[in-house]
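Engineer: Residue numbers (the numbering used here), protein chains in the order written: chain W, 156 to 395; chain V, 22 to 228; chain X, 19 to 237.
Everything labelled a hint here was simulated from the structure, so no lab data went into it.
Do not take every clue at face value.
Said to hold, decoys possible - Just a few of them, taken from the derived set where beta-carbon distance is under 10 Å, the chain X residues facing chain W:
id, residue
1, A166
2, A168
3, F231
Claimed, not checked - Which bits of chain X does chain W cover? Going by a derived footprint, with three or more residues having C-beta under 8 Å, they are:
id, region
4, 119 to 125
5, 213 to 226
Unchecked claim - Short, incomplete list of chain X residues facing chain V, as computed with Cβ under 8 Å:
id, residue
6, Q87
7, T92
8, G93
Glycine is no exception: its CB is placed at the ideal position from the N, C-alpha and C atoms.
Below are the chains, spelled out letter by letter.
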Amino acid sequence: MTDMNLGQGAGADVAIPPKRAWLGLVSLLAIAGTQWWAVSNSAPDRDMGNLQKIMYVHVPAAWTAFIAFFIVLVASAMYLWKREEKFDLVAASAAEVGAVLTALTLALGSIWGRPTWGTWWTWDARLTSTAILLLIYIGYLALRAATDDAERRARWSAAVGILGAINVPIVYMSVRWWRTLHQVQSSPSTISSTYVDGLRLNALSMTLVLVWLILARYRAACLQRAAETASENAALGGRV
Amino acid sequence: MRVEAGEVIALVGRNGSGKSTLMRAISTALRPTRGTATVYGNDIRTDPGGVRELTAMIGHATGVYEDLTVTENLHFACRMAGESTDPKRLLEALERVGLAHEANERGRNLSAGQQRRIALARVFLRPVRLLLLDEPYTSFDDEGVARVNEALADLRRRGGAGIVITHDFERVRTAVDRTVRIDNGVLIDAHAGPPMKQDFPKKVGHG
Amino acid sequence: MGAVAWKDLAVERRTKANFNAVVFFAALTMLLFGFALGADTEALKAASGGVLWLTVLFSGVLVFNRSYQTELETGALEVLLMYPGERWSIFAGKFLANLAFVLLVEAVILPLAVVLYHMPLLNAPWSVLMIMLLGTIGFVTLGTFYAAMASRVRSREVLLPLLLFPMLVPVLIAAVQATSALLNGDAMGDSRTWVRLLVVFDLIFFVAALLAFEHVIEG
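Sequences are here, hints too, so could you generate the full structure?
Structural biologist: Right, dumping it as structure tokens:
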């Protein structure tokens, strides 16, 4: 025989996180501080002059883009495991922020490259891989945009996010082999320890900015979802 | 809500009341956000595969592959269901639904009613313990309706259970034992016997 | 699994129109690349591996969405999902059918590449065929997987390549590099690294797609 006990209402019950403006303030101050410290404390690179200082933004941006992708991976896996909508929204937020950071990384890399190599683009291994990473992100976001049903969107994005994340190291490896098998790779010289410290500090503060941005985006996503649910319930005649 | 082995119930309610959704949840096509259901002891959430072994559903879609012949469609269905694909069995099922002459016709050459009979033939080929029918009488003439009710009677006799969604209280009269009414996704009424006129809301603009 | 593969192939056999169209499109693509690259024999020869693989990708991508279309037209997907049995076996069945289809297309365009691009296939025919197989497996795995989603939303024609192609970059690089190396004698044994990459990629993503398929094929 068949027993049924299905609850009513299919709305999202995601708790909306608090605004945390202080985090925004702190992280922006942090990044401003570390940037100023790094830029003023390191001497102009002997080959590339002050242009080298763009690395203080470019490298942390790349680093945090990776962290964002990692968050997408974990949140997607959590969603498929627990089926709680909040994980899907975290993954989507991280993907959006990650895409922006990846685009920033590419732009800065290209800007650095122009005076250095004479062109806006070389098929440098890291730059190329980052471009592919951006495209994987964009595919993820495009799929989300094309899918109207929330549950389906969450499930599909989770699967796509996980597969995309798995591919990231493979992409980087294969592109690097492609460029280095018969060529000597050119990379920016990293010599002074102040330079390395500067990079590390900025990576830390950039991570703080990342966390703040993802949380802010997540909050917006929760609000949006709550609004959607409210209108769904209104259409169905309210919860009985 | 409970359905006992050997009984067939009618599920009624106005459009959008959640009947199809409920049925799709039971058939494991949809995951419920809250609550659960068990089919002969198999929970739809933890053991959907077990539920599917025992359950068949005929919904709005006929699922007929248009480029394959009728027989090939049934052959595929049997293979997928793990049933024997003995051509005699297939022909027998086709005869039961009155499609024996069309056995080698491509799906796309059939009318909507004929395609729905293929769906019914699938059910005859795969004896299940729970049968879910969503508006099974549409596109069927009297003969087709008789076949559907025959399948339901068969089911009862075998100790299976069935849930039928329909607006057609005339045609379903002999086929069901109990009626359940839902609205807005909530069960609001149940009574023994087939659905009566009162169970169906007045049409807008009439009387 | 076998049932699904049989069914997909039977449907395709009935309407050879699709296979023919894909093959002609592939031939056309090869010609267009030729026009774009110019008539210099040496340049064409050097580009032959790349052109071959790009042709496979652009024409193969037409196959995947279609393999789900038969189910979508008459709501057969719902019915398919109601049968007992694991979701991954549906994936495996569709994968096999698509693999057969794409390999058949390749069987036609490989000779075409030899002729149009002066591809020195005879330098290492079996190795190149193996690379084609390995690369195609990766391609069809991800294509079958992503098409399960793309075929069901709007803008499916552009969404599938958008999702699929970035993921295929390692396959493209490895397959083209290995093919070129082998056709030029592979003095440095590069091809072995690339073959290893292809095998690892194929394994990882076949398993991942198999496991994740139930989440994308339902609902």
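Engineer: Decide, hint by hint, whether the structure agrees.
Structural biologist: Evaluated hints:
Checking A166/X against chain W: minimum C-beta separation of about 9 Å stays under 10 Å; hint holds. Hint on A168/X holds. Least Cβ distance to chain W is approximately 8 Å, under the 10 Å limit. The restraint placing F231/X at the interface with chain W holds, with a minimum CB-CB distance near 8 Å, inside the 10 Å limit. Judged by the Cβ-Cβ criterion of 8 Å, the region 119 to 125 of chain X is not covered by chain W as claimed, because only 0 of its residues qualify and three are needed.
Figure legend: the region 213 to 226 of chain X, annotated as covered by chain W; annotation consistent (6 residues with Cβ-Cβ distances under 8 Å, at least 3 required). Violation of the interface hint for Q87/X is found here, the shortest Cβ-Cβ separation to chain V being roughly 11 Å, above the 8 Å cut-off. A hinted interface residue such as T92/X counts as satisfied when its beta carbon comes closer than 8 Å to some beta carbon of chain V; here the least separation is about 5 Å, so the hint holds. Taking 8 Å as the C-beta contact cut-off toward chain V, the hint placing G93/X at the interface holds, the least distance being around 2 Å.
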